[in-house]
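Enquirer: Take the given structure of chain Y and dock chains D, P, A, S and X to it, following the hints.
Number of protein chains: 6
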Amino acid sequence: MTHHDIETPENLARRKHGQEVLSRIDGHAGADVLAALADTNPALAHHVAAYSFGDIYDRPGLDPRSRQLVTLGVLIALGGCEPQLKVHVNAALNVGLTPAEIREAILHTTVYAGFPRALNATFAAEEVLKNHTPPKAP
Amino acid sequence: MTHHDIETPENLARRKHGQEVLSRIDGHAGADVLAALADTNPALAHHVAAYSFGDIYDRPGLDPRSRQLVTLGVLIALGGCEPQLKVHVNAALNVGLTPAEIREAILHTTVYAGFPRALNATFAAEEVLKNHTPPKAP
Amino acid sequence: MTHHDIETPENLARRKHGQEVLSRIDGHAGADVLAALADTNPALAHHVAAYSFGDIYDRPGLDPRSRQLVTLGVLIALGGCEPQLKVHVNAALNVGLTPAEIREAILHTTVYAGFPRALNATFAAEEVLKNHTPPKAP
Amino acid sequence: MTHHDIETPENLARRKHGQEVLSRIDGHAGADVLAALADTNPALAHHVAAYSFGDIYDRPGLDPRSRQLVTLGVLIALGGCEPQLKVHVNAALNVGLTPAEIREAILHTTVYAGFPRALNATFAAEEVLKNHTPPKAP
Amino acid sequence: MTHHDIETPENLARRKHGQEVLSRIDGHAGADVLAALADTNPALAHHVAAYSFGDIYDRPGLDPRSRQLVTLGVLIALGGCEPQLKVHVNAALNVGLTPAEIREAILHTTVYAGFPRALNATFAAEEVLKNHTPPKAP
Amino acid sequence: MTHHDIETPENLARRKHGQEVLSRIDGHAGADVLAALADTNPALAHHVAAYSFGDIYDRPGLDPRSRQLVTLGVLIALGGCEPQLKVHVNAALNVGLTPAEIREAILHTTVYAGFPRALNATFAAEEVLKNHTPPKAP
Chain Y
3 MTHHDIETPE NLARRKHGQE VLSRIDGHAG ADVLAALADT NPALAHHVAA YSFGDIYDRP
63 GLDPRSRQLV TLGVLIALGG CEPQLKVHVN AALNVGLTPA EIREAILHTT VYAGFPRALN
123 ATFAAEEVLK NHTPPKAP
Chain D
3 MTHHDIETPE NLARRKHGQE VLSRIDGHAG ADVLAALADT NPALAHHVAA YSFGDIYDRP
63 GLDPRSRQLV TLGVLIALGG CEPQLKVHVN AALNVGLTPA EIREAILHTT VYAGFPRALN
123 ATFAAEEVLK NHTPPKAP
Chain P
3 MTHHDIETPE NLARRKHGQE VLSRIDGHAG ADVLAALADT NPALAHHVAA YSFGDIYDRP
63 GLDPRSRQLV TLGVLIALGG CEPQLKVHVN AALNVGLTPA EIREAILHTT VYAGFPRALN
123 ATFAAEEVLK NHTPPKAP
Chain A
3 MTHHDIETPE NLARRKHGQE VLSRIDGHAG ADVLAALADT NPALAHHVAA YSFGDIYDRP
63 GLDPRSRQLV TLGVLIALGG CEPQLKVHVN AALNVGLTPA EIREAILHTT VYAGFPRALN
123 ATFAAEEVLK NHTPPKAP
Chain S
3 MTHHDIETPE NLARRKHGQE VLSRIDGHAG ADVLAALADT NPALAHHVAA YSFGDIYDRP
63 GLDPRSRQLV TLGVLIALGG CEPQLKVHVN AALNVGLTPA EIREAILHTT VYAGFPRALN
123 ATFAAEEVLK NHTPPKAP
Chain X
3 MTHHDIETPE NLARRKHGQE VLSRIDGHAG ADVLAALADT NPALAHHVAA YSFGDIYDRP
63 GLDPRSRQLV TLGVLIALGG CEPQLKVHVN AALNVGLTPA EIREAILHTT VYAGFPRALN
123 ATFAAEEVLK NHTPPKAP
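Chains as they are written, first to last, in our numbering: chain Y, 3 to 140; chain D, 3 to 140; chain P, 3 to 140; chain A, 3 to 140; chain S, 3 to 140; chain X, 3 to 140.
Next comes chain Y alone, as it looks inside the complex:
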């Protein structure tokens, strides 16, 4: 049996499930990344969906808001991940973090990763936050 083959029925189901989790959290931003990979590296696209979202993100042990806080911390610290940071700032808004909380989280990273990483994260994040339509008041 070929577990690594991304076109088995089992892996098609894993990928489809992962894509659903991805859409729920990232909306079209995540789907756009997968589409950009589809022609040239479909296996990478598969594993972004199947592993990152289907296997890990969907696990019940940590709520989506908490997962996004960890994700923001990792992406800011790594540096050079501005495209991924923008996707995940959008996801953070989708799972309930407010723009003020996201900015506070970035400020918080100055302590552990220094100001340059936090400044780069700010400029990337604001590209998303300025375009974000806040939810209408009821």
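Please note that the accuracy of each hint is not assured.
Identical copies go unnamed one by one, so any copy, or any two together, can satisfy a pair.
Said to hold, decoys possible - SDA-like cross-link-like pairs, simulated, lysine to any residue; straight-line CA separation at most 20 angstroms:
1. Lys132 with Asp41
2. Lys18 with Thr4
3. Lys88 with Asn133
4. Lys132 with Pro101
5. Lys88 with Glu12
Just so you know, these hints were derived from the structure itself, not from any lab.
Expert: What follows is chains D, P, A, S and X alone, placed relative to chain Y:
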């Protein structure tokens, strides 16, 4: 005026406040780090307390649980921060994260920072988690 | 359906397959890592086996020798991954790299990651290389 | 008392002092960064000024030339900090480092951080160095 | 004697040799990098050629294909090295790695360096791979 | 001609020169590192001496004190380079930096690389600084 002088009344008050925040969150683990610095680099000890805890951690814009999730993400991604990770796993327990949530947060970082960083974080975190007495049921 | 549940028959099969790939490549060193995780973070152990080895390492698109060369490059550049580096130096020997080639690969990284990372990698690698019994001449 | 409130008289004074140190060292380049943050993350702008420049940079224990050399080393090694590197190449010129010394410092980092970081730093630094009017001879 | 002087006959010979190795492996892409440095940091250009290619790359202890696999691993893990990654994807093609193997190598790094680094590497690599004319069949 | 052969008369002379520079700056600490490499990776030992010290460190374009400040910045930012940091704290003392200046340089890095890197650097540096006999007063 010498804003940088850590012994002005203003800076003594900032440091004292920071130490209180630090004790509230990290218990003795944080205080031990400051004590280790007191003789050789007191200015570094001052700024750990005054800036990291008094100025940043104490801000109301993000709850302590959320701050710890960001902190865990940053420390795991940086790598080589096992001593700080242990202090902050302890802090994470103090502010209400469960051992299961901390382990899930570490698993979550495999997606963004890879397995080696998550494995190193696991081995460091478990040194704290195995010693942690869970709060007694009422 | 719960794709994230590591105890479904599907995920048990994925894990078993990954463990076989891991044993083939890393021998007991990899199995020891999984055993160390089994009690405290079984999901992390599952994904090391199922994703890293079953899904990725076993793919036919790149031979094991080449995969180990990429792995050595990543681990040396990341820094702070000495435990993983030792496991993968052992794996490199298992898939046919010679001690001389491993040392040359480390020297090669000085160009791209600088001397400190290469020196740390050398000291970690030599702990494995000195214990390695070379294959007997026929 | 609210040490973390950036609008207390004490923190206004700290910020004003930090802005003066920043202007002295970075000229308008640093002020531009703060202005870019003012609307969206004023607390981050405050701490760049109050902590980085007022509390740390202004300390007498190390001369500004030496501080810039350390800063260049850190920013080159981190990678992905090209915007900050440009600000600090300009600052390095302001505190008396020559273009030749800055280029030599970048070359020096090849030993410890490898050639790619040094090449990226070179291309960022030259954008500043080519625009720099050398001080007039007396 | 001034070993550090890049214009001694000895160092001219080292540089010329390194440039030949560089041309053999990287074609015009590597030469373009050296040309970009020639006016502003000729010593850095010298050492890229003399050390990286003449002293290290040309060593017989590891074949060029293997060196490129290590190089790809290091550059992907470092992050922020997209310009260098493009040069070395081109070099990888020159020394016999196929586009499929390069894509597989990038996928392989997800295990050790996480998905964001692999995604950034993919987008940089595809800029080279899409322009690559495959060798004609005989 | 084999420029990469570390046993040519030319490379023997380069290595000898580099070892002299290394001894002048690092004293026995640097020589100990080379000795540790001599049996297993003599080419790495050669290039530490010939390239890092003979080719780069000995260049007249930047004074040794300035080189050590850049080196400290890079090593602190990289993280996981505690052994190299200790060697270079010793070298920093040898070229005229005072313990107070070294501690201040470490504090300075909190701004750019965050507190955990500075704390790790402090604990490594103090192992050297506590053993350092200050020069006798005349």
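Enquirer: Hint by hint, say whether it matches the structure.
Expert: Here's how the hints hold up against the structure:
| no. | hint | in the structure |
| --- | --- | --- |
| 1 | Lys132 with Asp41 | between (32 angstroms within a copy, 11 angstroms between copies) |
| 2 | Lys18 with Thr4 | both (19 angstroms within a copy, 13 angstroms between copies) |
| 3 | Lys88 with Asn133 | within (11 angstroms within a copy, 28 angstroms between copies) |
| 4 | Lys132 with Pro101 | within (9 angstroms within a copy, 37 angstroms between copies) |
| 5 | Lys88 with Glu12 | neither (31 angstroms within a copy, 34 angstroms between copies) |
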